[in-house]
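Listed below are the residues making up each chain.
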Amino acid sequence: MVSPQELLYTQTHEWAKIEDNTVKIGISFYLQSHLGEITFLELPPLGRRVKQFEKIAVIEAMKAVVDIHSPLSGEVIQINEKLKETPQLINSSPYQEGWLLVLKIENPEEKSQLMSFEEYEKFLQTTG
Amino acid sequence: MKTWRFIQSDFSPAFQNMAYDEALFLNYPVNRQPLLRIYGFSSLSFSLGYFQKTSEVLDWQKCLKEGLTLVRRPTGGGLIFHSQELTYSIVCSKQDLGFRKEAVKREIIEFLCSFLLKFYRKLGLKPYFCFETKNHLENKNSSFCLLRKSVYDVLIEGRKIGGYAQKISKGIILQQGIIPFRVEIEKIKKFVKEPLEKEDKTYTFLEELLGRNLSFKELSYLVKESLEEVLNCQLKKDYFNSQECSLANYLLRKYESLEWNIYRNLPENFYEEAFLVK
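Taken in order, these protein sequences are the chains called A and B.
Just so you know, the first sequence maps onto residues 1 to 128 in the working numbering.
Just so you know, the second sequence maps onto residues 1001 to 1278 in the working numbering.
Calculated directly from the structure, the hints in this document are not laboratory data.
A couple of the hints might just be wrong.
[Stated by the list, open to error] Straight-line distance between alpha carbons at most 20 Å, and here's what the computed EDC-like set of lysine to aspartate or glutamate pairs gives: (1) B:Lys1002 / B:Glu1208; (2) B:Lys1105 / A:Glu85; (3) B:Lys1126 / B:Glu1229; (4) A:Lys51 / B:Glu1268; (5) B:Lys1170 / A:Asp67; (6) A:Lys17 / A:Glu85; (7) A:Lys111 / A:Glu54; (8) A:Lys55 / B:Glu1268; (9) B:Lys1122 / B:Glu1225; (10) B:Lys1053 / A:Glu85; (11) B:Lys1170 / A:Glu85; (12) B:Lys1002 / B:Glu1229; (13) B:Lys1170 / A:Glu81; (14) B:Lys1105 / A:Glu37; (15) A:Lys55 / B:Glu1272; (16) B:Lys1189 / B:Asp1200; (17) B:Lys1170 / A:Glu54; (18) A:Lys84 / A:Glu97; (19) B:Lys1105 / A:Glu81; (20) A:Lys24 / A:Glu109; (21) B:Lys1170 / A:Glu42; (22) A:Lys84 / B:Glu1056; (23) B:Lys1053 / A:Glu42; (24) B:Lys1122 / B:Glu1157.
[To be verified] Pair ranges (Cβ atoms, derived): (25) B:Lys1170 / A:Asp20: 26 to 36 Å; (26) B:Tyr1263 / A:Gln5: 36 to 46 Å; (27) B:Phe1011 / A:Gln125: 45 to 55 Å; (28) B:Tyr1263 / A:Glu106: 25 to 35 Å; (29) A:Val2 / B:Tyr1271: 47 to 57 Å; (30) B:Glu1194 / A:Glu119: 39 to 49 Å; (31) B:Leu1258 / A:Glu106: 26 to 36 Å; (32) B:Ser1142 / A:Glu106: 42 to 52 Å; (33) B:Lys1187 / A:Glu119: 47 to 57 Å; (34) A:Gln113 / B:Asn1241: 27 to 37 Å; (35) A:Gln125 / B:Arg1182: 43 to 53 Å.
[Unchecked claim] Only some residues are given here: those of chain A computed to face chain B with a beta carbon under 10 Å: (36) Leu35; (37) Gly36; (38) Glu42; (39) Ala61; (40) Met62.
Being a predicted model, the structure only gives us computed values, none of them experimental.
Glycine included, each C-beta is placed from N, C-alpha and C at the ideal position.
Just chain A, with the same shape it has in the complex (with noise of 0.2 Å):
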């Protein structure tokens, strides 16, 4: 199970779960509600290398493509096969069925420009 405090946030609404050295990534609560349904997803393929904060993934919800970005930098080693059939996952699950896919993180210093649950819930609220 994965607790939405005890994740790490980015600014533009991607989790992340570190563990050892690998990283769980997915859309928080609030991106996805805001989105509306989500109808495709494009996952990119096993091995594919990303720097931290470009685009990893892409979704479209109410005819508007929206970039996913990666919190860290890393390989991709895994991906959540069920979102290709099921991307509404994301909607109904964003913590737990609805995660994307899993990093293996390359740089595990750059976890401090991710934000804690309290600091995403204060940037939520005070940004503007």
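Here the structure of chain A is known, so what remains is to put chain B in place on it, guided by the hints.
Just chain B now, kept in the frame of chain A:
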């Protein structure tokens, strides 16, 4: 009063139109100047939404054989046939629209589409958003933009007019949209997989509603004026800058390729190289 750029470009091939729209979007962070671009298509063209599967929607081989252009948009939504229309794109950030950074997408779309209501009212029509009707999501699975109703599509007399779609990345928005003068279903029936009827009452277009032709120039002016009024801004005539032209020239490789247009494939490092052209 805020100032936006106003770029009136020519009637150009579909590949070029998409390349310029994406170049304006990618280049926005450089000077953060929001813009409206008005343009047209120089030849009969289909544009597919980013995620559409070409072979499920179109007989694309027949399209190419008969000289129609086919391009995949950077934005979402359904299939569009570009013929008798005014096409526009808007590039801006949420802050340009007066929204806070974390504003929700639905608020932004509603605001960005509200200038269309003003535009159609200036023509003496009575437009409203689709969500204001009971059965507002009918045909939501149609592959064809004109037949697919979404909450912020504009209806007149119960029928959809035009359409829009967006691309959003890091708070920057590209909205592409069409305002149809005339829809010529007979010209496209043989290319699309979904059955289309000439007498379909799902959609409408300006010539049918107004009973007369309007010039591209006249409509361009009304679009510009409507956006200025909704945004309380001034649209100042401008041109593509050299960076945007270089980027668009590079992006042409993407939009001219069958790999992108038919299969949505791109070389892995395509965008890294795009930024080297600046």
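So, going through the hints one by one against the coordinates:
Distance check on the hinted pair: Lys1002 (chain B) and Glu1208 (chain B) sit about 36 Å apart at the alpha-carbon level, beyond 20 Å; violated. Restraint check for Lys1105 (chain B) and Glu85 (chain A): the C-alpha separation of about 25 Å exceeds 20 Å, so the hint is violated. Of the supplied pair hints, the one linking Lys1126 (chain B) and Glu1229 (chain B) holds, its CA atoms being roughly 18 Å apart against a limit of 20 Å. In summary, the hint linking Lys51 (chain A) to Glu1268 (chain B) is supported, as the alpha carbons are separated by about 13 Å, within the 20 Å threshold.
About 8 Å separates the Cα atoms of Lys1170 (chain B) and Asp67 (chain A), which keeps this hinted pair within 20 Å; it holds. This hinted pair does not check out: Lys17 (chain A) and Glu85 (chain A) have alpha carbons roughly 24 Å apart, beyond 20 Å. Taking the CA atoms of Lys111 (chain A) and Glu54 (chain A), the gap is near 15 Å; set against the 20 Å cutoff, the hint holds. Between Lys55 (chain A) and Glu1268 (chain B) the alpha-carbon distance is near 12 Å, which keeps this suggested pair within the 20 Å criterion.
Using a Cα cut-off of 20 Å, the hinted pair Lys1122 (chain B) and Glu1225 (chain B) holds, with the two alpha carbons roughly 10 Å apart. Taken as a hint, the Lys1053 (chain B) and Glu85 (chain A) pair is honoured in the structure, with Cα atoms around 15 Å apart against an allowance of 20 Å. Among the hinted pairs, Lys1170 (chain B) with Glu85 (chain A) is inconsistent with the structure: their alpha-carbon atoms are about 26 Å apart, more than 20 Å. For a cut-off of 20 Å, the pair hint linking Lys1002 (chain B) to Glu1229 (chain B) stands: about 12 Å separates their Cα positions.
For the hint pairing Lys1170 (chain B) with Glu81 (chain A), the CA-to-CA distance comes to about 26 Å; that exceeds 20 Å, so the pair is violated. For a cut-off of 20 Å, the pair hint linking Lys1105 (chain B) to Glu37 (chain A) stands: about 12 Å separates their Cα positions. The suggested pairing of Lys55 (chain A) with Glu1272 (chain B) holds, with an alpha-carbon distance near 11 Å, which does not exceed 20 Å. Under the criterion of a C-alpha separation no larger than 20 Å, the hint pairing Lys1189 (chain B) with Asp1200 (chain B) is consistent with the structure, at around 13 Å.
Only pairs whose Cα atoms come within 20 Å are accepted, and Lys1170 (chain B) paired with Glu54 (chain A) is accepted, the gap being roughly 10 Å. Under the criterion of a C-alpha separation no larger than 20 Å, the hint pairing Lys84 (chain A) with Glu97 (chain A) is consistent with the structure, at around 12 Å. For the given pair, Lys1105 (chain B) sits about 27 Å from Glu81 (chain A) by alpha-carbon distance, which is inconsistent with the 20 Å threshold. Of the supplied pair hints, the one linking Lys24 (chain A) and Glu109 (chain A) holds, its CA atoms being roughly 16 Å apart against a limit of 20 Å.
For the proposed pair Lys1170 (chain B) and Glu42 (chain A), the alpha carbon gap of about 17 Å is at most 20 Å, so the pair holds. A distance of roughly 17 Å separates the Cα atoms of Lys84 (chain A) and Glu1056 (chain B); the hinted pair therefore holds under the 20 Å criterion. Distance restraint check for Lys1053 (chain B) and Glu42 (chain A): the Cα-Cα separation of roughly 13 Å lies within the 20 Å cut-off, and the hinted pair is therefore satisfied. Proposed proximity of Lys1122 (chain B) and Glu1157 (chain B) is supported: the alpha carbons are some 16 Å apart, at most 20 Å.
A hinted range of 26 to 36 Å for the beta carbons of Lys1170 (chain B) and Asp20 (chain A) is consistent with their spacing of about 29 Å. At roughly 42 Å, the beta carbons of Tyr1263 (chain B) and Gln5 (chain A) sit within the given window of 36 to 46 Å. At about 48 Å, the CB distance of Phe1011 (chain B) to Gln125 (chain A) agrees with the hint of 45 to 55 Å. Checked against the hint of 25 to 35 Å, the C-beta distance between Tyr1263 (chain B) and Glu106 (chain A) comes to roughly 30 Å, which is consistent with it.
Look at Val2 (chain A) against Tyr1271 (chain B): about 31 Å separates their beta carbons, and that is not inside 47 to 57 Å. Distance hint check for Glu1194 (chain B) and Glu119 (chain A): the Cβ-Cβ separation is about 48 Å, which falls inside the suggested range of 39 to 49 Å. Between Leu1258 (chain B) and Glu106 (chain A), the C-beta spacing of about 35 Å keeps the proposed range 26 to 36 Å intact. Checked against the hint of 42 to 52 Å, the pair Ser1142 (chain B) and Glu106 (chain A) passes, with Cβ atoms roughly 44 Å apart.
Between Lys1187 (chain B) and Glu119 (chain A) the CB atoms are about 56 Å apart, so this pair conforms to the stated range of 47 to 57 Å. The beta-carbon spacing between Gln113 (chain A) and Asn1241 (chain B), approximately 32 Å, falls within the hinted interval of 27 to 37 Å. Under the hint 43 to 53 Å, the C-beta atoms of Gln125 (chain A) and Arg1182 (chain B), about 49 Å apart, fit the expected range. Evaluation of the Leu35 (chain A) hint against chain B yields a held restraint, the C-beta minimum of about 6 Å falling below 10 Å.
Hint status for Gly36 (chain A) relative to chain B: holds, with the closest Cβ pair at about 7 Å, below 10 Å. Interface restraint check for Glu42 (chain A): the shortest CB-CB distance to chain B comes to about 7 Å, inside 10 Å, so the restraint holds. Restraint check, Ala61 (chain A) versus chain B: the minimum CB separation of about 8 Å is within 10 Å; hint holds. Hint on Met62 (chain A) holds. Least Cβ distance to chain B is approximately 6 Å, under the 10 Å limit.
Consistency note: the structure conflicts with the earlier hints numbered 1, 2, 6, 11, 13, 19, 29.
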